[in-house]
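For the protein sequence lines, the chains are F and L, in the order given.
The first sequence begins at 1 in the working numbering and counts up by one.
The second sequence begins at 1 in the working numbering and counts up by one.
These are calculated hints, taken from the structure and not from any lab test.
Bear in mind that the values here come from a model prediction, so they are computed numbers and not experimental data.
Cβ atoms here follow ideal geometry from the backbone N, Cα and C, with glycine treated the same way.
Treat the hints loosely; a few may be bogus.
What the hints assert, rightly or not - SDA-like cross-link-like pairs, simulated, lysine to any residue; straight-line CA separation at most 20 angstroms:
hint : chain 1 : residue 1 : chain 2 : residue 2
1    : L       : K272      : F       : S138
2    : F       : K113      : L       : L111
3    : F       : K135      : L       : W179
Unchecked claim - Per the computed footprint, the stretches of chain L lying under chain F, defined by three or more beta-carbons under 8 angstroms from a beta-carbon of chain F, are:
hint : segment
4    : 185 to 195
5    : 267 to 278
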Amino acid sequence: MTEKLISIEAIAKRYPAPGGGDTTVFENLWLGIERGEFVCMIGHSGCGKTTVLNILAGLDAPSEGVVIVDNVAIEGPALDRAVIFQSHALLPWRTVLGNVAYAVGAKHKDWPKTKINEHAEKFIELVGLKGAEYKKPSELSGGMKQRVGIARALSLEPKMLLMDEPFSALDALTRGTLQDEVRRICLSTGQTVFMITHDVDEAIYLADKIVLMTNGPEAQIAEIVENPLPKERDRNQIHKHADYYAIRNHLIDFLVSRSRTFKDEIKDKPWDPKSVPLVRPMAAPPSAPEPLRKRA
Amino acid sequence: MRSLSFRAGIVSILILVLFLGAWHLATSGSSAVQQMDPEYAKLMGLTATQGKSAMPGPLQVGATLWKHLTNPFYDNGPNDKGLGIQLAYSIGRVAIGYLLAVLVAIPLGFLIGMSQLMSRALDPFIQVLKPISPLAWMPLALYTIKDSNYSAIFVIFICSVWPMLINTAFGVATVRKEWLNVARTLEVGPLKRAFTVILPAAAPTILTGMRISIGIAWLVIVAAEMLVGGTGIGYFVWNEWNNLSITNVINAILVIGIVGMVLDQLLARAAKLVTYPE
Ligand SMILES: Nc1ncnc2c1ncn2[C@@H]1O[C@H](COP(=O)(O)OP(=O)(O)OP(=O)(O)O)[C@@H](O)[C@H]1O
Ligand SMILES: [Mg+2]
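Looking at chain L on its own, in the form it has when it is part of the complex (with noise of 0.2 angstroms):
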């Protein structure tokens, strides 16, 4: 018996390699060729006139991806840069917005969660802005701070707060009473109190939050990008899409994807550096 995980490990080959089968036999179309007037083949595009099918197969897309992979930074001005490029817009917006938003939310957590009046007072104002979508704040945004760039950060800002505000709150409202008495009776003093106390206690939960906000983040980075124009990936699907590069498309699909991994991936690390079992 091998381990489980090995044998996950050969699974999900299989299933890749079906899907990337599957997706050639798809595309490398075999439809008769017709014979037509020039002028009308032009109209009707590649799968009429070649038997190709205009979605590209996964070799296309495997050979451009390598293009990309291999010159990830060109910049041959505003609308022709590397994938590398595009990408290193969207993660600095990111991660300033996170940032940003991880300082106003962590102490501002901190705040609700130990005061019963704090929690009462602002818990309907969470409770009205929370649901709104992040992009429903960019034409605002545009409006007030009149800068694309900022703009998208803020957009960033706005939508990853809430998690980590709430899960903040939340971890510190509900640190064990006994742990809470630990430092009274050691006369812990409250800045102390809340470094040594506190904050380990509340650790899991709040990464918990973080790690559900960088999702969002980057989901709405794309879609910010597309609105705001100029550079990031979002941007870079939008100018493909008008290309008509569907290649590049997938390529910038399968990006977008592993980034959000990784960057998950990396708060669940964080995560279990702070998890403690009881």
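Next up, chain F with everything else stripped away, as it sits in the complex (with noise of 0.2 angstroms):
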């Protein structure tokens, strides 16, 4: 086995139920995370995905399990693992250098306010911000805002980005601008990240690998997605790549059928929640090629 960074080992975690007893909203789950990589959850609402990255952010606490970061079981939020919040979690009275210094001057705490800043500018230029430094989040649009978060995040050089939807507030131009963004920065500086999403596309576009988490209460992980698109890809092209339409196909048949099915399918065969199956979706192999029609 590679080394991990993350490992999310028979994590579990339930709510105490109305009547009584407990609701289990998944449990015995495992996960591992490696360097550099950038996984996708994808699967219904309610599935737990979110309470999967709080787990991961130490903002929430596992009712089983743990989750291990270089070899140390997390005790709670850190510093190495940013989160890009779905609805950005900007400070309000603080401006844009405000809240991405704030974020610095967190981390180095010994830095003085000049060192701070210009870190902070460096971030708020790499997502396209540079002129807006000293604006109010109110004066911005959702998708500046977003961006905002996007900075504070990339600006702590953490080990590992958590993302809870970051886009789907978005519309779908600025959505586009910022999945291109937020690819090219990840993939240049080497960035492990998880991210949580909704949207197939952008999962295709973004992941190296997609987890599939099956429907609640009791999700389980249904299996793992290897993305079999190449790491360099283009938006506008990546529908001609011949795997595109298996790994779509894939992941859609999986949202509309097999996530409330999928107990039934694993009912009767030995079943390892340890290692789940890793799968590469691919085009079939054409069938043999047909003979050219000789010119007459």
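Mind docking these for me? Both chains are given alone in their own frames, and the hints should help you get the complex.
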């Protein structure tokens, strides 16, 4: 087994049920994330994706099991795991620069103010917000706010970037641009990312691996899909790739039907939640090529 | 079309002129002067003897007001001090009582807002203490503190503490979870979190409480000083009533209103400074 940056080991989350007893959101969940990997998780609403992410972030504690980061079990939130919140979560009384600098200052407590601001400016520029440093969040568009959130997380230069549907509140055009930017930045820095999404195309465009989660309660990871597309991809070209429809259909098929019936699918088979199947959907190999017709 | 505030200003001035005119007409008096025994005339007052109203008119009030304004700080013994001195006493008492209340209410409000346990535990006390009229504390304060000045300050303290306490607790308890989560993921310590996230987030709510408090404190100080006597604008009103100087009473009323407005505006400015649009 390769060395994992993150190892989720046998975590469970239970909430007290209204009528007594417990409801299990998920249990015995295992997942490893390697350094530099971009992992997306998809699944239906309410299956527990945010819960998994919050546990990874340390904002929530699992009822059972542990999460190990770099061989150390996590005990709470830490600066090495930066979160990009769905609702951007900017502090409205601080400027763009103030928001990013707040994070930088929290990480580098011994840095002088000028160095903190310089570092923050670098990341504000990286997300294309140069010139808006002294604006308050209320003066920004939704896409710009999300950019500040991204800059804030990236400025921490974390081991792990956690994103909970970061683009779901944006219009399609802005979403596309931001996806491009996040992809470019993460690729160039070798950033390890765990991202939740509802959007199959977003997952195909961004992810190296896609974790499929079945419906809750008692959700489980059904399989891990390896993205057959090359790491270098172009948003406007990927649909021309031979394997594009294979992976897309596989994901949609899962979301539409298998996520619901998965329990029956594995009923009589041996099932090891520790190592769920890793699949790589590919276009069916072209059946015996037709002989070229000779020119008359 | 002139701006709305300009037109509103014109209407305000019109209303003022109308009011002053009506006041003047109502008090200038024109009832027939009766012939009477001078001893009896003394008892009847000016209305009967000179055809003048006992109620001072705006010109009279304006003249004394001018006298007060030009010489606000004279001091001719305990019963004859300038309006400025009396106001200074009142403002001083309000300031001390109010600041003490701030020092108690804001940290305590933080505690209540941050701890479910303390919130539940202190709630019954707050619910019982809050509706007590601040003046009801006066005898107890006089009995225990044995100093009328400190008792007045205590009454100001007790009346301004509740709105600040309740608003602070509410503001702190309702800070957005996501902002707290930001601080948590950044490993910001509890003290720094209180000052850099909770305080700015709750500041508008806290200042609303402070603004309500200063209003109440200024209402209460007049009544408190009427009770404890000695100095202050409340005592001044009472003293002038005993002197039957309605002119001075009206002057004092006017000044009380203006100072109250200024205090409220100061807090409103401060609130504006800490308000953030979302
Ligand atoms: N505090 C709570 N008490 C009880 N149940 C909870 C609580 N928080 C979450 N749950 C339950 O846990 C389950 C998983 O919630 P979670 O927010 O992780 O879903 P999700 O997969 O992120 O959904 P979505 O895609 O809609 O964001 C839900 O069914 C929800 O009802
Ligand atoms: Mg969610």
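These are the hints, each one checked on the structure:
For the given pair, L:K272 sits about 16 angstroms from F:S138 by alpha-carbon distance, which is consistent with the 20 angstroms threshold. At most 20 angstroms may separate the alpha-carbon atoms for a hinted pair to count; F:K113 and L:L111 exceed this at roughly 31 angstroms. The suggested pairing of F:K135 with L:W179 holds, with an alpha-carbon distance near 19 angstroms, which does not exceed 20 angstroms. Under the rule that three or more residues need a Cβ within less than 8 angstroms of chain F, the assignment of the segment 185 to 195 of chain L holds, with 4 such residues.
With 4 residues bearing a CB less than 8 angstroms from a CB of chain F, the segment 267 to 278 of chain L meets the requirement of three and the coverage assertion stands.
In the structure shown, a violation is registered for the earlier hint numbered 2 alone.
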